[in-house]
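Asker: One line per chain: the protein sequences are G and A, in this order.
Position 318 (the first sequence) corresponds to 318 in our numbering; numbering is contiguous.
Position 32 (the second sequence) corresponds to 32 in our numbering; numbering is contiguous.
These are calculated hints, taken from the structure and not from any lab test.
Once the Cα atoms are required to be at most 25 Å apart in a straight line, the calculated DMTMM-like pairs of lysine to aspartate or glutamate come out as:
(1) K279/G - E35/A
(2) K279/G - E39/A
(3) K198/A - D87/A
(4) K279/G - E32/A
(5) K363/G - E345/G
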Amino acid sequence: MSQDVKEKMESKAKPEDAKTGAAAQRVVDPDYLILEAPRKKEFITGSEAAKESVRRANVDIAIAYPITPQSETMQQVGYLYAEGYIKDYYRGEEEIGVMSAVAGASRAGVRVLTATAGPGLMRGLEQIVSWPGGRLPSMLLVMCRVVNAPLAIQPDNIEISYLLNSGGIVLHGENQQDFYDYPLIGFMVGEKPEVTLPVAVAVDGFFVTHARGWVSMPAEDIKLPPRDCYHEAVPMMDNENPPIRISRDSPIQKSNFISYQMHAAWQQEIWAAQERAKKWLNRWLGGLIEVVNPGAKTMIVASGAAVSQGREAVRQATEKGLDVGLIKIKSIRPFPTEELTEALEHAEKIVIPEFNYVGWLAKEVKAAIDRTDRIIAGPRVFGGMTMPTELILETISASE
Amino acid sequence: MGNKKKTQYRVVTGPEGILPPAATLMGISLPEEGEGLVEGEIVSEAEALEKAAIALLTRKNPTLFPGPLVLWGWNDHTDEKAKYFFDVANELPGIRIIPMPDYRPIYPKIDPEAVINPCHPNLTVLHNKIEACVFIGVHCHYASITLKIIRAGTNCYTIALCAEAGHEDAMASVPNFDIEKLIRFKDTIIKVKKNGIKPLYEGLGIVPTGWSQIASLKGKTPIKPEEELVEAGVSGAFSNELESGLDDNAE
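In isolation and in its complexed conformation, chain G is listed as follows (with noise of 0.2 Å):
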């Protein structure tokens, strides 16, 4: 252990009277945390951003399982947990484990965080697949990073396309204040009774994670009401109160005894939660997408560390004197369908650049709109390579 955690853990031992750590924030109402309360800046990597949103999420239980080469992102984590902001973590045997071990904290009530990425994702996707069917409100965060071999630690998103069908939520952060502020509106979104899902958080790896950017916070001392888990669309698992078995024999155990239409209509009424959250998410995230210059003739379209770069790409085409806009999209589950179409109603040519070799947003985009004939699915780059805005540029020069 070394002479930092050893300190933290030290610091962390101290009376409760002393209020350090969780003892000594305040609960806030959601809308001030999240909109209102005064920020400050700092210039801290994507993996410190999500420490400081878990900071003020009021997090009860973050699981994990430590793996190399990943994110230093559950690290960080672990230090607020010597530092007493978290009230336990638990190391996972490995990922399929940890998952499990996320849905019985969730079942159970509390607030509970994990992280993963590449191929620990893939081990845990078994579990993590069945969270929405059990209503287990959760935050998954996910440094993207590939999947298959050869492996990389270098931004590949192609892990979000495994997520897609999932029947989750599922945030994809351009940067590391979106790192810092989607956990602590997914939280807020996914335990809403009408919601009652799980939420992933994604960014792409290195470039956020590893890098740093400013990011601007609210001071430390405020956080997150605590999870109200007697408020949500299905009994949590409560051991003090009869009738406990409510809970403990729930039909999703017991497929070959239900209804195949009950098990039909589960299934609607996941992805119904999923359209219900779109309120929330428009409330604090300000829209499921961000409009850049909305009139243009050619818009890219772009999530995670793409939209940077289409940022980049629109400022140098707007120097060239060309008509380019962006969208923004930071939520796939739910998808953005209606904004999507109303926002590309007017484009004449739509680019889609992504971090990863399948394409997952284009398809995504080609199924939401009309007029698919606009859309050039492109540029990629995947494995871990840079997007320079060259490539964007080019993609829009090539299809004048």
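Since chain G is already given, all that's left is putting chain A on it; use the hints.
Answerer: Structure of chain A alone, referenced to chain G:
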């Protein structure tokens, strides 16, 4: 807008077919505080309560389906809410009360006169020929599933009095349904009757439903007689085995 714009969808009594869509995904939004939802349209809370009251007074075999959140004595609030629930019931002539005590599948065969279950709520509705019903105290996930199955296969007018955000899949729904709103609902039923809506059934009060409630009212132990089980095609021995159930704690 593009050519994929959703058309106006209405949440009306069924049977709509084997798998109706989730109303949310057809563009139906949840009401805010002070509002209600009637057949997919946002209306005032007062209008939603009135439509619900009229349905319960004028449709056949109206039934209240209390769920675990009002059926079990979780806390003082639950006990108090149950009291006001009965005040509402007593204003509805011919009303029946069939509980949804929990959400586990009932195997191998549900008794539709005794309970309703989210795995196959249509069986209870169809068996009792229920044409108007209220869900109250049911956790939202199970309520939404139940409402869809009933809309799929029956002609029952569903009303969801929800303590949380309300339900798009009900024909009438009011959110944040607390004790004050239960009192307002009782007052609305009284007002509707005064205003000339003639109840389908005479008198006041709750009609006992099924063998168990009838037996209880006669002071008997509410256990179904063996001969009736045999008549119903369920052997006594099989029933007894099920009654003792599986020991979940057995290794």
